[in-house]
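Here is what each chain is made of, one letter per residue.
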Amino acid sequence: MTSRSATSLAALAVFAWLAPAPLVGQTSSAKPAGSPKSAKKASTPGRTPWGDPDLQGVWNDATSTPLQRPGELAGKDVLNDEEAADFQQQTAQGLTRDRRDGGKDADVNRAYNEHWMDARRLKITEDHRTSLIVDPADGRMPPLVPLSPDRQQARAMRAGANTRFNAGLPNDVYDMSLPVRCIIRTDSPPYLPTIYNNNFHIFQSPGYVAIAPEMIHSARIIPLDSRPHLGNSLHQWLGDTRGHWDGNTLVVETTNFRSDDGVVFQGGNPATFRITERFTRVDADTLTYQFTIEDPATWTRPWTARIPWTRIDPAEQMYEYACHEDNFDIVHFLTGARAREKRGETVGPPPAGAATAGER
Amino acid sequence: MPGLVSRLRRALPNFLERGAGMARRGERPCRRAGPRGTTVAARVGASVGASGVARGVARNGARVGANVVASLGASLVLCLAGPSLAGQQGPAAQFPAYKAPRVADGHPDLNGIWQAFVTANFDIGDHEAQPGPHPEIMGAYGAEPAGQGIVEGGSIPYQPWALDRKKQNFAARMTVDVSSDKTWHAVGDPELKCYMPGVPRATYMPFPFQIVQGSSPYILIAYAFTSATRTIRMNWKGDAPTDAWMGWSRGRWEGDTLVIDVTGQREETWLDRAGDFHSDAFHVVERYTPVSPYHLIYEATIEDPKVYTRPWKMSFPLYRRMEKNLQLLEFKCVPFTEELLYGKFRKPNGDVK
Chain Z
144 MTSRSATSLA ALAVFAWLAP APLVGQTSSA KPAGSPKSAK KASTPGRTPW
194 GDPDLQGVWN DATSTPLQRP GELAGKDVLN DEEAADFQQQ TAQGLTRDRR
244 DGGKDADVNR AYNEHWMDAR RLKITEDHRT SLIVDPADGR MPPLVPLSPD
294 RQQARAMRAG ANTRFNAGLP NDVYDMSLPV RCIIRTDSPP YLPTIYNNNF
344 HIFQSPGYVA IAPEMIHSAR IIPLDSRPHL GNSLHQWLGD TRGHWDGNTL
394 VVETTNFRSD DGVVFQGGNP ATFRITERFT RVDADTLTYQ FTIEDPATWT
444 RPWTARIPWT RIDPAEQMYE YACHEDNFDI VHFLTGARAR EKRGETVGPP
494 PAGAATAGER
Chain S
290 MPGLVSRLRR ALPNFLERGA GMARRGERPC RRAGPRGTTV AARVGASVGA
340 SGVARGVARN GARVGANVVA SLGASLVLCL AGPSLAGQQG PAAQFPAYKA
390 PRVADGHPDL NGIWQAFVTA NFDIGDHEAQ PGPHPEIMGA YGAEPAGQGI
440 VEGGSIPYQP WALDRKKQNF AARMTVDVSS DKTWHAVGDP ELKCYMPGVP
490 RATYMPFPFQ IVQGSSPYIL IAYAFTSATR TIRMNWKGDA PTDAWMGWSR
540 GRWEGDTLVI DVTGQREETW LDRAGDFHSD AFHVVERYTP VSPYHLIYEA
590 TIEDPKVYTR PWKMSFPLYR RMEKNLQLLE FKCVPFTEEL LYGKFRKPNG
640 DVK
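So the protein sequences, as listed, match chains Z and S.
Going by this note's numbering, the residue at position 339 of the first sequence is 482; the numbering climbs one at a time, nothing skipped.
Going by this note's numbering, the residue at position 321 of the second sequence is 610; the numbering climbs one at a time, nothing skipped.
Just so you know, these hints were derived from the structure itself, not from any lab.
Quick caveat, the model's predicted, so the values are computed rather than measured.
A few of these clues could be false.
[Said to hold, decoys possible] Here are some, though not all, of the chain Z residues that point toward chain S, as calculated from beta-carbon distances under 10 Å:
1. Thr191
2. Asp197
3. Ser348
4. Gly350
5. Tyr351
6. Ile364
7. Leu367
8. Thr415
9. Glu463
10. Thr478
Idealized CB from N, CA, C, for every residue including glycine.
For reference, chain Z alone in the conformation it holds in the complex (with noise of 0.2 Å):
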């Protein structure tokens, strides 16, 4: 496991922070079907001394409803309370891994198991919305333009890396995606929910915004006073990134990813590829987080996601996460593949419940 320590005690505490409150259905029976979040007590986000809006402090994005919409709810956005109920305990149950329903295999590919699940990744959206995704209509991401025979290739290598990842047999360390590596992990743009660590603490100080994601330990420090973007030439893991207030929301617009693979989410193009993020203060303890991705050289449209982030008891600390000083998978990763070479094995299709190469 890629996760040390010091993850796991965040784990504990979150664990132990959220163990009382009944894991299902917690919130949605008092509210209407689809009741937004706005139809909370309405109470004034506050500002900091110097005038912009407060978004200080650590905040928590997990939940379990997907980015896409499952193909079974098609038509259907928004969820009464029965049928989130219901959806609640399906997502539940497909992502919890203290299932032993697979086989051997599986137990053994489903080893991040419920110790490392963070609880409020089991709980859909207060809005019972069945997407993250909000535009298209269809809460699913558009269709994809036809790409280039360049990318085409990279695409098939990435999945043939992916392949022998997944049946236990990389060649090297670059068939495992960055966030196995410890390259980039929820740090990158898009922020989505995932097992574990889902807290972003937020600072903020006389024309910048800084947000450090858990995982892995970067800081982006977003500059408001509208300086241009880095030159073309010049890319980072985390792209380049500006800020700027429009009302109430934090507006931040990054653009400068560099083209290793997989940096750039869902194998889009660096040098086309622009993610605008809206972070609103909605009331003391929740911040609506929205991001929309433009790049024309892979959808055939924009599309727009939303989340729900949730203030963290500010009593709570937020822990560093070492990802890759103590990554002893890489190394059992390909010593195993070694030795199964010896015995072997070849890449055949994966085994059920494998874990997936982290992509993103």
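Got chain Z; can you put chain S on it based on the hints?
For chain S alone, kept in the frame of chain Z given last:
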């Protein structure tokens, strides 16, 4: 003389907490006031019997202040009559009096991108120019510059066994063995492997870092090197809840100085490429003092009873990076170390990227 008394009250907290021998060799007018190797502040601290002397002064104002003044006697008066009337002592005393701009809560504004320009990452002690590793391929690219040390008194007070260990560390600094979980961290400089550098090393690596200081009880310090970050928890009470590569940082203000107490650091970090090291008993107290709009004086008091014979100190200036539109750029070095760490586990004749 109300003027002098109020000046003394302002000056004392900094003076006392600055404590033992912050001044470097002969730079400090007070040096001659105490016996060799001790300082006025250390003796006063002992006589008052509290480690938090300065806070006592700040809280109790004139009464404690007056006692301290009395016990200090003539030497203190001599001290304050020197060029340091504004309250900066130790390494900061060489600069003219300076009052930093304030943030909203009234504390000095340390926001900005800062960088050290010492060569201490090669060796925090004095070091001569050297060819560096693999001169047969690296030539002058890999050579290392000479530098004057940042350790007060010139050398780290190692226990005898620890000095041997430091030499072993240096000899094997470029050895990497990740073949088993047990030997993973046993040899080699963590910087070579792109591990988070810990404190204080992060401060004098040849990369900038940024301080983000607002109105919350948390201050962020973000370092370019491997995107390491640390959260400074202001006035946090209690011990480090767990070990971390960048430790657990508790901050407080003493006058215009940001003081950060760092514990809970992983024992594997080193202090430089020369193999200087510590144990799990590592305790670092950092002090960031603004002395101009463009300079901070950085000081660190380091103790580790398992490795050193006594606490010791380092100091150097931090410079504000002034380039227009400068921003902290990523140095995610993991991809640059993977071949070194994992190359030998590659499939024979496998695809090489």
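Here's how the hints hold up against the structure:
1. About 5 Å separates the beta-carbon of Z/Thr191 from the nearest beta-carbon of chain S, less than 10 Å, and the hint is met.
2. About 8 Å separates the beta-carbon of Z/Asp197 from the nearest beta-carbon of chain S, less than 10 Å, and the hint is met.
3. Taking 10 Å as the C-beta cut-off, the interface hint given for Z/Ser348 holds, the closest approach to chain S being about 4 Å.
4. Restraint check, Z/Gly350 versus chain S: the minimum CB separation of about 8 Å is within 10 Å; hint holds.
5. At its closest, the beta carbon of Z/Tyr351 sits 6 Å from a beta carbon of chain S; the interface hint therefore holds under the 10 Å criterion.
6. Interface restraint check: Z/Ile364 against chain S, minimum CB-CB distance 6 Å, threshold 10 Å, status holds.
7. The restraint placing Z/Leu367 at the interface with chain S is violated, with a minimum CB-CB distance near 12 Å, outside the 10 Å limit.
8. Below 10 Å, beta-carbon pairs count as interface contacts, and Z/Thr415 has none with chain S, the closest being about 21 Å; its hint is therefore violated.
9. Contact between Z/Glu463 and chain S, as hinted, is supported at the beta carbon level, the nearest pair being about 4 Å apart and thus within 10 Å.
10. Hint on Z/Thr478 holds. Least Cβ distance to chain S is approximately 6 Å, under the 10 Å limit.
Violated hints for the displayed structure, listed by number in ascending order: 7, 8.
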